[in-house]
Amino acid sequence: MTETAAIELKGISKAFGPVQANKDISIKVMPGTIHGIIGENGAGKSTLMSILYGFYKADRGEIWINGKKTEIPDSQAAIAAGIGMVFQHFKLVQNFSVLENVILGAEDGALLRPSLNKARGVLKHLAEEYELQVDPEALIEDLSVGHQQRVEILKALYREADILILDEPTGVLTPAEADHLFRILNGLREEGKTIILITHKLREIMEITDTVSVMRRGEMTATVKTAETNPEQLAELMVGRKVLLQVDKVPAKPAEPVLEVSNLRHIDEDGVERLKGIDLTVRAGEIVGIAGVSGNGQSELMHVLGGYGHATGSIKMNGQELDLTGKHSDGRSRRDRGIGHVPEDRHHEGLILNFSAWENSVFGYHHGPETGSGMLMDIKAMKQEAQAKMDRFDVRPPHPWLAAKNFSGGNQQKIVLAREIERNPDLLLIGQPTRGVDIGAIEFIHQQIVQLRDAGKAILLVSVELDEIMSLSDRIAVMFDGQIMGERLPSETDQTELGLLMAGVTNPKELAHG
Amino acid sequence: MDLAVIIQVLDSSIRLSTPLLLACLAGLFSERAGIFDIGLEGKMLISAFASAAFAFTTGNVWIGLMAGIGASLALSAIHGLASITFRGNQLISGVALNFLASGLTVLIAQNWFKQGGRTPTIPEEQRFQDITLPFADALRDVPVFGPIYSDLISGHSALAYIAFLMVPLTWWVLFRTRFGLRLRAVGEAPDAVDTAGVSVIGLRFAAVGTCGVLCGIAGAYLATSLQAGFVKEMTAGRGYIALAALIFAKWRPWYALMACLLFGFLQAVALRFQNIRLGDFVIPVQLMEALPYILTVVILAGFVGKAIPPRAGGEPYVKER
Amino acid sequence: DPALIYDLGGKFDKSFNEAAFGGAEKWAAETGGSYKDIEIQSEAQREQALRRFAEAGFNPVVTTGFAIAGAIDAVAADYPDTKFVTIDGWVDPAKHPNVLSILFSEHEGSYLVGMMAGMASKSGTVGFVGGMDIPLIRKFACGYAQGVMAANADAKVISNMTGTTPAAWNDPVKGSELARAQIGQGADVIFAAAGGTGLGVLETAAKEDILSIGVDSNQNHLFPGEVLTSMLKRVDVAVFDSMTQGADLETGVKVFGTAQDGVGYALDDNNAALVSDEMKAAVDAAREQIIAGELKVHDYSSDDSCPVLQF
Amino acid sequence: MDKMPAWADAVLVPLISVFLAAAISALVILSIGENPLNAFSIMVEGALSSSRGIGYTLYYATNFIFTGLAVAVAFHARMFNIGGEGQAMIGGLGVALVCLFIPWPHWSLALLGATVIAALFGAAWAYIPAFLQAKRGSHIVITTIMFNFIAFSLLNYVLVNMLKPQGSSDPATARFPEATHLPTFQSMFSTADNVMFRNAPANVTFFIALLACVAVYLLIWRTRLGYELRSFGQSETAAVYAGISPVKITIVAMLISGGLAGLMALNTTMGEAERLVLNATEGAGFIGIAVALMGRSHPVGILLAALLFGFLYQGGTELAFWTSIPTQLIIVIQALVILFTGALDNMVRMPLEKIFLNIRKGDA
Ligand SMILES: Nc1ncnc2c1ncn2[C@@H]1O[C@H](COP(=O)(O)OP(=O)(O)OP(=O)(O)O)[C@@H](O)[C@H]1O
Ligand SMILES: Nc1ncnc2c1ncn2[C@@H]1O[C@H](COP(=O)(O)OP(=O)(O)OP(=O)(O)O)[C@@H](O)[C@H]1O
Ligand SMILES: [Mg+2]
Ligand SMILES: [Mg+2]
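Taken in sequence, the protein lines are chains L, S, F and V.
Residues in the first sequence are numbered consecutively from -18, following the numbering used here.
Residues in the second sequence are numbered consecutively from 10, following the numbering used here.
Residues in the third sequence are numbered consecutively from 38, following the numbering used here.
Residues in the fourth sequence are numbered consecutively from 1280, following the numbering used here.
If you're looking for bench data, these hints aren't it; they were derived computationally from the structure.
Since the model is a prediction, treat every value here as computed from it, not as a measurement.
One should not assume that every hint holds.
[Claimed, not checked] Derived pair list, reagent style DSS-like, types lysine-lysine, alpha-carbon separation capped at 25 angstroms:
hint: 1; chain 1: V; residue 1: 1633; chain 2: L; residue 2: 38
hint: 2; chain 1: L; residue 1: 4; chain 2: V; residue 2: 1640
hint: 3; chain 1: L; residue 1: 386; chain 2: V; residue 2: 1633
hint: 4; chain 1: V; residue 1: 1633; chain 2: S; residue 2: 328
[To be verified] So the derived label-pair ranges between C-beta atoms look like this:
hint: 5; chain 1: F; residue 1: 161; chain 2: S; residue 2: 67; range: 41 to 47 angstroms
hint: 6; chain 1: V; residue 1: 1381; chain 2: F; residue 2: 258; range: 25 to 31 angstroms
hint: 7; chain 1: F; residue 1: 115; chain 2: V; residue 2: 1472; range: 16 to 22 angstroms
Think of the CB as a built atom: it goes at the ideal place given N, C-alpha and C, for glycine as much as any other residue.
Required output: the full structure, derived from the provided sequences and hints.
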């Protein structure tokens, strides 16, 4: 083939101080294709893309765009070269409108009004062409994550990007939103745009990409045609060993109820009722998965159970009522009652990013025996304990003194998990356990959860990944608009039925008939 | 209380509010761009000195104003260097610059004029004159409106009118221009600005520079319009009050106007109504003196909700993954 | 050589400390001698400065401001050969034979300018602007009010303090506003005893075409023809005398009252046109009466109260 | 994994920064026609070369340790307490009341009582801003600024109208009784034939300040409360997840902060002046901000920064004694030191990091 590559990287290297994030990486992406990049947490994917987008400067190497050697010293140059990027953590101004975010940096002239008017027209056009509907006047902070992502794509298209980079775009999306995104990407490919897609999900790679590259420890280990490979092979290339892609577990043996929730209601700060009478039971020795499109009250349910959010109704733990509004409705009291909690948002809830790993490993349990019994905390014991936990959970690097922010997402998650599981709770609340985590780590995390269940503990799992819910849960409850729409056994349901329940349809058959 | 007294108090409020307003808007530009500035006091002070010194020596108050702005800008430049270029701590930089201004003004003034850290008195005609608005005299006898127009609205110096015009102008710049959009964005999410291909550093320096210009005007107003020269420490904590007004105003121009007028009004009232007698008991002057501050706390506690600063405020911008 | 320690306000406060500086300069110029001086920056430095100068052999050590009296009280006994002078402060002469306390009868001087204010006022309302609210300033205010009443029994005295922090000495902007507020209430003569803040009062009075009265030093020249007079407190004379006497300084307690010309009113070319003969005659008569002991001006600090003014 | 060895960051960077500040100061001194070397040697001699100079340096440092720690504790909980000045002032009021109106049998008991009251008064003055921040969201920066002004007015009223001895024109209380006078360094360290720290104001409060450093260290890094405080400062949502009450932590942190600021009054009011004067705090509350920031909110750093400022204060006084350099120059030097060590430190750090990285690459 003699066609010129849309993007060609030659010998890119980049070090952050002593860390070599990219080592001599070369890659070629043809125009009008979707190119996937996979790799473990910290493999260097985001760094490579940031270099392409001019966000970082490479130490060495060349960038060729459409057959021309191009210097990309800053994002402006990247934009000029027709590159657009959707970062993993969106680069949006939260209290600006969609329009303002779109025109930011691409205004026509010193006054805003003409730019805004023009953008309004262009957005309307783009929305129709690529299914990218968003309310142009809405504030970003009022939009769902999926819509925020659309704004990011719109930003790139508004700047007439021909090359679009997406870094882990589906990590925070619901399945429906992810499907929608892929439709958009397909549309863009048909228009001749070139797309680079970073993801941890092999299913997505197989579904949409044309070619795929695998990265490991800063190096590009392989580039293959998607059609000529399979998930198992990719997983092995990525992790360097065979990976079990299916959760391996024996049937559950549910015993007596540990958690009994009845008629639980919660009204948030804005006065909106988020939980509208939840009834739910979780027994010892079973995993109950809660499926649902995010924003339907799952987070609030976990918050109320975990002790931050007042509620009415009743929660019984091992037969005893929990305080829902008073002094004992905080996280500390919940932990005292045997409830462990791996929160959805590890960056803002589960960890203090600037604390060391050993400090994080007692977070929430700092009044417990882990910290010693004296007036002062027993730091030596805490460090030893943390080291032991990190070894058992294979946290890499196994250094308790390292700050949490210096661990990759997967390893951060393991630190939280180790803390909560090693406490041996009667009930473990666990939210989005594998968000943004690479498949090697996912396998490990799933194993831990199943082991805990087999030890006779109750587990309540919330995840937007239907695959994860389906494969881990012993029983599935579907939430919609603050209510449980129904419970199903994984063996007796499928993604379609769950999808309908998640959309608020209680009786799928009814829908089929009328 | 008759109209004349009310007008006197309001008139006084306007004069006391003007420097606060200029400094507050100055802080608004800086902090909206994510650079906290507790050095407003120092910038005002150094400008008060420079404007008085140059107005006196050149005999031209406009040159004085320019010198004041220039001196204030010099401090802004240091603040920018420390907090933008070298990603230093913005609070420390502000504290340091306040000290620097406090020391330097007296040191230089003493060196130049040998009058003990003061500038000589600037003759009346070399200062900013009070401007009598058209028809002010003719309309004075019209009931109610007349005194309001000719005694309250008319009769302030050019700088005071500039200060009040700065409010709509600031609003317009912030919310209706490209510069304003980018400036607000860089205070909320500098990474968004950076990835949109706009220089974070350039924008922030522009904001800090604007802050310097406005503080410069504020200082010149004190020394060459309200007063006839520079006296050491003559800003007397107004920079801190302006900062409080800024937070009070939740970083919005029109609210800033309200907050500064309120502070000015409270001070004017406290000055005008000392030694109030309630029967046998005389309200101590100390209570009147503290009243503006007490009322501020009360208002803050009772009516003003949480003030959320610009999200990226106070933090230097470091590219993040 | 003598040494001079200024109070916290600093050497060039345009009134009190500056007068001391003037006295010292005059002494140096006339005698060709030299002296050492320092501006106090913090409380702890008072004692430090006294000791430093005493140990270095300076004699006498002259100090301004009442606040240093406590430090002298603590230090004086350690340096029996050094003479200390406290201007405005009071140190027990029985306890410390090597200390001279110089006290001014500010109330008397204020009384005199108060009389002039009372006579010059057409509206019958006069003002007083003090700096920080401290007893010394109340002493000024009280004497002033008595003088005003003596000239015009129906007169009204508006008395305001600028504030309660040291910033009150250096806030001419507030001084201006206070002056305006008093003008608004009818005042047409205002006495400012407020350090740098007073400059704002004088400035505004000049601008609004009413009369003002300066303090401590002769401030008539600041706004010629607009300042009615200045209440003189001859700190310069006190310093000059002390330095002239040198190490042989006579110690004890010295009152610089009207009789000693320690306080008075200023008359020069700048205000000659403002002071009528009648006014001058009346004030001079009162002055004689005070000297003769026929007229007693109440001193606020004697009992912390003022018969004609409430604080 | 760091770019630079820890010792370089902790020692080399501040050292070079101080040097830069000194260099610029030298230029300023030159420009007003004085000899900088001479000035510098006067400062060092006056502040460090005699036990008396050291006594003064330590006296000032004591103030800055307290106010620095006060700011730092609040900082750890992500609050900016600008109110140290007012809290110290009210702390002083407490000290005065205790010393004047309770007949103490011995200084040690008086010190104990005064310590408790100073801390309580300071804490009480911090309580209202803390409460308003916690419950009403009123910004602590404004409220503490306001409370500084209010404290001044209150103290002025109390001194002028209530506590001032009759007939005195000084707005200050009477001298405290003999039994409350604290031992000075002179009385503690002098021997019969060798007088140390002659007449220097440094007193036993300095050791309380050192104890406070240790206590704050333990509090912040070793106790559960400190752990909660830091957690809250890092992330409020995470703190709530962990069962830490934001209201409680906000208030407790400010109470401790105010208490520490209040303790400063022990040194000035009980230790030095032995009476309460109007201006006892002398801006130490504000210097405390600089000290805390320069010391990176760590007690060891604060101690060092406080000593540096103590040196500048005392050295500056000596400069004023023996040269005709105006005292304002000292303020300028202080400003430069704060600027270079506190705000422009990266100007030094960045090139140093490069150098170290290159050295390592050379090694590798
Ligand atoms: N700004 C930075 N400073 C220092 N180290 C960095 C920085 N950015 C990335 N790194 C390091 O570089 C390496 C590669 O990081 P990168 O973010 O590119 O990984 P990734 O492949 O995107 O991982 P993930 O799958 O978790 O998103 C990691 O070791 C990371 O810790
Ligand atoms: N607050 C959060 N809590 C949990 N997961 C998050 C959060 N924010 C992002 N994620 C997801 O976690 C994944 C891991 O990214 P994270 O930033 O945690 O670590 P990382 O992989 O090392 O980061 P990076 O890729 O930027 O180097 C991402 O795919 C992202 O979708
Ligand atoms: Mg990444
Ligand atoms: Mg990631």
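Verification of the supplied hints:
| no. | hint | result |
| --- | --- | --- |
| 1 | 1633/V <-> 38/L | 16 angstroms, holds |
| 2 | 4/L <-> 1640/V | 16 angstroms, holds |
| 3 | 386/L <-> 1633/V | 23 angstroms, holds |
| 4 | 1633/V <-> 328/S | 18 angstroms, holds |
| 5 | 161/F <-> 67/S: 41 to 47 angstroms | 44 angstroms, holds |
| 6 | 1381/V <-> 258/F: 25 to 31 angstroms | 54 angstroms, violated |
| 7 | 115/F <-> 1472/V: 16 to 22 angstroms | 18 angstroms, holds |
In this structure, only the earlier hint numbered 6 is contradicted, and the remaining ones agree with it.
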